[in-house]
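Peer 1: These protein sequence lines map, in sequence, to chains A and B.
So for the first sequence, the working numbering puts the first residue at 1; every next one is plus one.
So for the second sequence, the working numbering puts the first residue at 1; every next one is plus one.
FYI, nobody ran anything at the bench for these hints, they're computed from the structure.
Mixed in with the good hints, there may be bad ones.
Straight-line C-alpha distance at most 25 angstroms; calculated PhoX-like pairs for lysine-lysine [stated by the list, open to error]:
hint	chain 1	residue 1	chain 2	residue 2
1	A	K178	B	K14
2	B	K17	A	K178
3	A	K203	A	K89
4	A	K251	A	K89
All values derive from a computational prediction rather than experimental measurement.
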Amino acid sequence: MYSLTRLYAQKICRQKLIYIFFACFFTASFFYAFLISTPQMEEMLNINIGIVGRKNFPEFMMRFYVGTVGILFNVFLLTLFICEEDRNKMLYQPLLHGESRSRMIWSKIYVAVSMSMIFVLLTAFINYITAYMRWGYEIFDQTALIRTVMKYLLSAIYMSVITLGIIALCIYTRNAWKTIFFVIIYLLIDQFIYSSNIVFLQKIWFGYYFNLWTFTYEYQKIPLSELLIGIPIMVVYGIIFSQISLCRIQKIDF
Amino acid sequence: MIIRLLNIQFARLKRQKILYLFFIVMAVIIISNALQCAGSSEDNGMGYYAGGRFPTMCMQSYIDIIGTLFLSFISAVLICGERASGMFRQPLLNGISRKQLLLAKTVSIFTVALICFLFVIIFSIGTGFLLWENHIFDHAQEYFLQMLLLGFPQTTLVLFLVFLSLYISNISSMMCASLIILLVNNLFSQFFGGYISFIDFMYYLYAFSGYNGLELTSKIIVLGITVNIVTGVILVYGISKRTNNMTM
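If we strip away everything but chain B, and leave its shape as in the complex, we get (with noise of 0.2 angstroms):
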């Protein structure tokens, strides 16, 4: 039943023609990154990342305010969209639980962050190598360690966008909300990074790709995981409860 459930929403998620959109929307990003960033100086901020950094730039401007938001938006289109259509309910007239829907949405979303993440890695590796040949694996462990660190705290968005999906209406105020919580985030990670690693999972997203220069150490490796182990939990019990409580 639920493999049914998964591709009814892989097939819906197929004609999203938003999905591919993304795809010309982040080529595009990274081939004008990869070009600037060969036309700049060492000591300039840009100049910094060609060469062997140059996936962590990308993987750092994907996950600042991009990738968030596009992941949003397909929780929204998936579980807001379609319960202010009245489509949600739809699954549930034909023997399906909440709890088996839920999951199947959770888990194309997680599939579409996969993909997404993986293209914008692939791509700019492909895009650097094009640009610096070999001199684009001078960093490979360093990006490759970030990008497995990553998937945590990637997890957990998509737990979390789950969760606020189900307590938000509309696609637009989905939007706004996630804007709002990505600055508010933002902002805190910049000034009470030290504090807030040990409650925000959201600081991760940040910690784990080395933005603003963070230095990824044991430490904040081990505290991240948990930090996210710990919010994942806690949202997977808020979707079931709120699974079981909603109107649909």
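Chain A on its own, in the form it takes in the complex (with noise of 0.2 angstroms):
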């Protein structure tokens, strides 16, 4: 691996706080799994535990990560990676050791798109624990599972987008705070046109199809035609993002 990308991937790896979450997000999977089958529960939370449980669990839980929360925490965790690093005058030591800005900026998307897959699929990885903790064998239905586990690349390659987003955001404003308010607005918007009838808008906002696969198309199959156009919006996007950081980052006046 190269040295830079290395040493930012060992960088993020130090922070604590993303074993905190993730040890919060294994407990509340365990929670939900063993507690939301009593009926006073089910009737709180209003769910069904026929449709939400067994081989369902797995993508009922992912809504919790790659929804609202697992979005928020990319975003405090990539303001602490680029704009307090900014702050601190230490995103341009690379440069003194005679790396070029584009090889510290690529380094930094690789390491923060593996991120934000790798959590993906952690998430992943820790519902399908406690689903089988939970139901045992009976989570392991073929056609739920290559679904669910399908739903979950997908929503990966959704992350890496909001994370190449957030990145250019990053370096646009190399601010914390501003680039935490633009993503709040950003959720807005989202969940705005996503509701909305406006059928122009829906089709070329990326986060729209991300809302499809997960919602509309909840416990069920995907269409291929909304897969074929979905993805490559989703990557048109992450292409631009990740050029706007790189052109940006060639104008920072260190």
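The two chains are supplied separately, each in an independent frame; assemble them into the complex guided by the hints.
Peer 2: Given below as structure tokens:
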């Protein structure tokens, strides 16, 4: 692995908050798996265990991470990773050691995108473990398993695009609170577009496809046509965001 | 001296554009909630809150995540951000004591919390009045009581956030820690409300706002106020200890 990338990866791995967050996520998943079966809980949380339990449980729990929480967690980590480094005058340190700006930003991008993908896969792993502890082999229904794994992979793509967007924002604003604020605005706009009937906006908005896959087709197979449109749109957004980061980093006056 | 210090803190807060953006975002959320409620039937989740219960719904959505994260952010900016930039110790050079400085910061964060909360209530009643006219006052007694009771956990929350900010060195870590605490608290409130109601002040953010259909009984009210006062006293003690020991 390229040394700068390894250095950034080590820096991310030293963040204790990540381990605390996933320990909490495991606890949450465990409680949901074991405690939602009671009639009082079903009524209180407005869910039907017949639908969300067993083979569908990992898919049910997916929305807890890849929705608002996962995006907020990512933005907090990335502002720590980029904006705080910039404020501490650590961002340009590799440049003093002969690295180019583009190599530095690409290293950051590799690490951040891998991190966001690993986090999604880790949540899948945690949810399958807790579901297995609660329902045993009942969770391994072939059709549901393939469908759920595919949805997790699609979520990983979506989270990577979001990560690229956050990196572009961090580099553009160079300010933690502004980045956090714009991400919250994004979350609100995303909800608005998904629930509105503005077809043109929905067609070009990458978040819409993710909402479609996660909520409209929840516990159902996603039609191939939706995938064929959604994935390329996400990839295009990803390329645009990474290009913005690359262009901006060349112009930054450290 | 303390009044002058408070004026400086308020002047600094007034310059924070995010405060005004927060009001805009909250207004958009309230209007969008109102339109969704108006378009839903009575047996639907949203339809239940149409009319007299609409301010309760807005209070719940404010307390759930947005309001708490926003207050955490303000605490982070005023304490962690200033400590990181070396501005925190500037007033100390002018003869102000550490306690006075922390008191001024706590009072200013508390004022922001109060203004934001009142904004949510007043704006939701105003929006509700436009949509449902006098029906917005059908459950006025209920939501005014909730509003008054929520003052206790909100005050303790401000103290808690100040306490947390004194231990965390930057804005992002503070926000991340707040998010994790919020999630854990939400989880425990849902599953173990009966047990944690004896120790967790944040449980009452949900209990006093009728979250998930929680019923407001006199036992809960008395217990909630007691837990919040006790936690508040412990936090004040913790803040003063930390203030004396910390490196500025």
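Peer 1: Okay, which hints does this one fail, numbers in order?
Peer 2: 3
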